[in-house]
Amino acid sequence: MALVEKEKLLQQDKTDRPVLEAENLGIVFGGLHAVEDVHFSLRREQIMGLIGPNGAGKTTVFNLLTGVYTPTTGQIKLEGQSILGKKTYQITKLGIARTFQNIRLFKDMSVLDNVRVAMNQKMEYSALAGILGLPSYWREEAAIEEKAMELLSVFHLENNAGDRAKNLPYGQQRKLEIARALAADPKVLLLDEPAAGMNPTETAELMETIKLIRDRFHVAVLLIEHDMSFVMGICEHLVVLDYGRIIASGSPEEVRTNPKVIAAYLGGE
Amino acid sequence: MTNQKKTGLIPKSKLLSYAVNAALLLITYVLFFVLIANGTINRYTSGIMTTMFINIILTVSLNLVSGFLGQLVLGHAGFMSVGAYTAALFTLYSGLPITIAFPIGIVLAGVVAAVFGVIIGVPALRLRGDYLAIITLGFGEIIRVIILACDFTGGAKGLRGIPTILPQGSDATSLSLAKYSYVFWLAVLTVVIIWAFVRSRHGRAVIAIREDEIAAEASGVHTTYYKLFAFVMAAFFAGVAGSLYAHHIGVLDPSKFNFDYSVEILLMAVLGGLGSITGSIIAAVALTILPEFLRGFEDYRMLIYAVILIIVMLFKPSGLMGQHEFSLSGILARLSSKKSGALKKGKGE
Numbered sequence: 035m036a037l038v039e040k041e042k043l044l045q046q047d048k049t050d051r052p053v054l055e056a057e058n059l060g061i062v063f064g065g066l067h068a069v070e071d072v073h074f075s076l077r078r079e080q081i082m083g084l085i086g087p088n089g090a091g092k093t094t095v096f097n098l099l100t101g102v103y104t105p106t107t108g109q110i111k112l113e114g115q116s117i118l119g120k121k122t123y124q125i126t127k128l129g130i131a132r133t134f135q136n137i138r139l140f141k142d143m144s145v146l147d148n149v150r151v152a153m154n155q156k157m158e159y160s161a162l163a164g165i166l167g168l169p170s171y172w173r174e175e176a177a178i179e180e181k182a183m184e185l186l187s188v189f190h191l192e193n194n195a196g197d198r199a200k201n202l203p204y205g206q207q208r209k210l211e212i213a214r215a216l217a218a219d220p221k222v223l224l225l226d227e228p229a230a231g232m233n234p235t236e237t238a239e240l241m242e243t244i245k246l247i248r249d250r251f252h253v254a255v256l257l258i259e260h261d262m263s264f265v266m267g268i269c270e271h272l273v274v275l276d277y278g279r280i281i282a283s284g285s286p287e288e289v290r291t292n293p294k295v296i297a298a299y300l301g302g303e
Numbered sequence: 006m007t008n009q010k011k012t013g014l015i016p017k018s019k020l021l022s023y024a025v026n027a028a029l030l031l032i033t034y035v036l037f038f039v040l041i042a043n044g045t046i047n048r049y050t051s052g053i054m055t056t057m058f059i060n061i062i063l064t065v066s067l068n069l070v071s072g073f074l075g076q077l078v079l080g081h082a083g084f085m086s087v088g089a090y091t092a093a094l095f096t097l098y099s100g101l102p103i104t105i106a107f108p109i110g111i112v113l114a115g116v117v118a119a120v121f122g123v124i125i126g127v128p129a130l131r132l133r134g135d136y137l138a139i140i141t142l143g144f145g146e147i148i149r150v151i152i153l154a155c156d157f158t159g160g161a162k163g164l165r166g167i168p169t170i171l172p173q174g175s176d177a178t179s180l181s182l183a184k185y186s187y188v189f190w191l192a193v194l195t196v197v198i199i200w201a202f203v204r205s206r207h208g209r210a211v212i213a214i215r216e217d218e219i220a221a222e223a224s225g226v227h228t229t230y231y232k233l234f235a236f237v238m239a240a241f242f243a244g245v246a247g248s249l250y251a252h253h254i255g256v257l258d259p260s261k262f263n264f265d266y267s268v269e270i271l272l273m274a275v276l277g278g279l280g281s282i283t284g285s286i287i288a289a290v291a292l293t294i295l296p297e298f299l300r301g302f303e304d305y306r307m308l309i310y311a312v313i314l315i316i317v318m319l320f321k322p323s324g325l326m327g328q329h330e331f332s333l334s335g336i337l338a339r340l341s342s343k344k345s346g347a348l349k350k351g352k353g354e
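Protein sequences appear in the order of chains W and R. Using my numbering, the letters of the first sequence correspond one by one to residues 35 to 303. Using my numbering, the letters of the second sequence correspond one by one to residues 6 to 354.
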């Protein structure tokens, strides 16, 4: 009995431990404090929303987290390890993958190849092995193709594997981008406006997909989104940014009724 | 899962198409070998064939950078000249018998050109598009001017007396055959290596950079590394092509490797289709032979040549092959699918 209890506690501890932490995060462009004193911690398998009016610095926060920009102040920790000063591709390897506000697929590559590119970092055969067609090449390529197809089937894209990415309809392109991010086998998934340009049915479907991803791949999700019904429907925790600063943070309920948030969105006196 | 155990093996269908391609290559090789040997193809024509294969190496290797990596490079002739002079100086002064010195010279030419590729690539590849084009253009000119200024390269007089690739006293036909064998198989080797590279995980990373560098980096691709890798690989093969050129012509003139020549190679790559290896081969062959066919028109030769280029670009801006590859198995598959009634679409890959 006690053992079960202990295990439960351990499990609890595991999910409670933050996978991604930002402390006092800030960046200055020229004289402009684009982001200032941003802090949050993302637990395992938590879905967190980053919201705020246009130009609040949400995407800048994503760019800081993925190493596109180096923060002027503050600290970012992935599973307790600082990732400050690491390059984007290194951070992806360590476990933060992202999608982009305006879809950035490898347009002229096949759907399958889009996913395989992101799996590249987990593959090991050398350039020489690839050129000579050594057994390691065939073995790894076969394994990766199977894995990629499996991932595509989660997004119902397996029948489009051979199509060029640019020929997919918009909604499926968004899905493919998420699939590609997941192919990097991340611990944290950053989604930049995943529901942008989607109709209500597609948005509802996307909500289910994101929950499914979280449960199946055990990732924590941090997402930027303007669609409030989407945000309220899926996020367990919200962080609200305005002019680069956090003006509120808490559960969707708390945030919804926060006067500062209402003022930021609707304009206060 | 258990049948996955044998995935270390090459799929049967692939093995078959490799065998067919290898057989076709061998037949082509033997065919032209015999034609040269019995004099049906004269020395003049076999000389053009040699140039053609050298152009294939240049075009396919440039396509790796400009087509697959998507970076505009205008200094390919510069890398070629580095290789040409390296190999020529080596065979001239090494003191080794030419049959040994030449193969070593080829490898050396590639390696030295690759070293130059690293030296140029590290600073240049921070830039992209027009800026990179200008830097590589500048590099090509610098190399040419340095060669002009140096004594050991023969300066403006050019480098003379580069030994033929067979020992002195060999007859003209066996020399033609030896040249043909070298350029044929080295062209094949270049194409096979670049083709296999493009289809490996490394090649996918390179293509991903062309498609979207930011997304590639965010997908875990070490973009700087792969850009340099492709750039250096292209430089290597340009060097190899240079070594072949030097020993084919026998005299090196620095003015040959000018900006115009870089553009000519780029032209072949663009005309064939950036991102298509078979397109590069077709264009290199066509643009080497075309001026020869037009010799009868003398005065209008370059005019017709230019008009043909304009027409192709107007009607097929992505080049003859676009990003597609010509493959026998692809055509066979298309034909059989047409036969079986599924003729609705034959485009696809």
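No wet-lab data here; the hints were simulated from the structure. From the three backbone atoms N, C-alpha and C, an ideal C-beta is built for every residue, glycine too. Just so you know, not all the hints are guaranteed correct.
[Claimed, not checked] Negatives, chain R to chain W, calculated, CB over 10 Å:
1) L142
2) F234
3) I316
[Stated by the list, open to error] Distance condition first, Cα-Cα at most 27 Å in a straight line; then the derived DSS-like pairs of lysine-lysine:
4) W:K294 / W:K156
5) W:K111 / W:K245
6) R:K19 / W:K156
7) W:K141 / W:K200
8) W:K200 / W:K120
9) W:K121 / W:K141
10) R:K321 / W:K141
11) W:K111 / W:K141
12) R:K19 / W:K181
13) W:K127 / W:K111
14) W:K181 / W:K245
15) W:K221 / W:K156
16) W:K200 / R:K321
17) W:K111 / W:K156
18) W:K181 / R:K162
Here's how the hints hold up against the structure:
The non-interface label for L142 of chain R is consistent with chain W: the shortest C-beta to C-beta separation is roughly 27 Å, beyond 10 Å. Its closest Cβ contact with chain W, about 7 Å, brings F234 of chain R to no more than 10 Å, contrary to its assignment away from the interface. Annotated as non-interface, I316 of chain R keeps its C-beta farther than 10 Å from every C-beta of chain W; the closest such distance is 25 Å. Only pairs whose Cα atoms come within 27 Å are accepted, and K294 of chain W paired with K156 of chain W is rejected, the gap being roughly 45 Å.
Between K111 of chain W and K245 of chain W the CA atoms are separated by roughly 24 Å; this keeps the pair inside 27 Å, and the hint holds. Distance hint between K19 of chain R and K156 of chain W is fulfilled; the C-alpha atoms sit about 25 Å from each other, no more than 27 Å. Distance check on the hinted pair: K141 of chain W and K200 of chain W sit about 5 Å apart at the alpha-carbon level, within 27 Å; holds. With a CA separation close to 31 Å, the supplied pair K200 of chain W and K120 of chain W exceeds the 27 Å bound.
The suggested pairing of K121 of chain W with K141 of chain W holds, with an alpha-carbon distance near 24 Å, which does not exceed 27 Å. With a C-alpha separation of about 20 Å, the suggested pairing of K321 of chain R with K141 of chain W holds against the 27 Å cut-off. Among the hinted pairs, K111 of chain W with K141 of chain W is inconsistent with the structure: their alpha-carbon atoms are about 33 Å apart, more than 27 Å. The suggested pairing of K19 of chain R with K181 of chain W holds, with an alpha-carbon distance near 21 Å, which does not exceed 27 Å.
Between the alpha carbons of K127 of chain W and K111 of chain W the distance comes to roughly 14 Å, so the proposed pair stays at or under 27 Å and holds. About 21 Å separates the Cα atoms of K181 of chain W and K245 of chain W, which keeps this hinted pair within 27 Å; it holds. Distance hint between K221 of chain W and K156 of chain W is fulfilled; the C-alpha atoms sit about 14 Å from each other, no more than 27 Å. Of the pairs offered as hints, the one joining K200 of chain W and K321 of chain R holds, with about 20 Å between alpha carbons and a cut-off of 27 Å not exceeded.
Between the alpha carbons of K111 of chain W and K156 of chain W the distance comes to roughly 22 Å, so the proposed pair stays at or under 27 Å and holds. Restraint check: the Cα-Cα separation between K181 of chain W and K162 of chain R comes to about 61 Å, which exceeds 27 Å; the hinted pair is violated.
The structure fails to meet hints 2, 4, 8, 11 and 18 from the earlier list, while all remaining hints are met.
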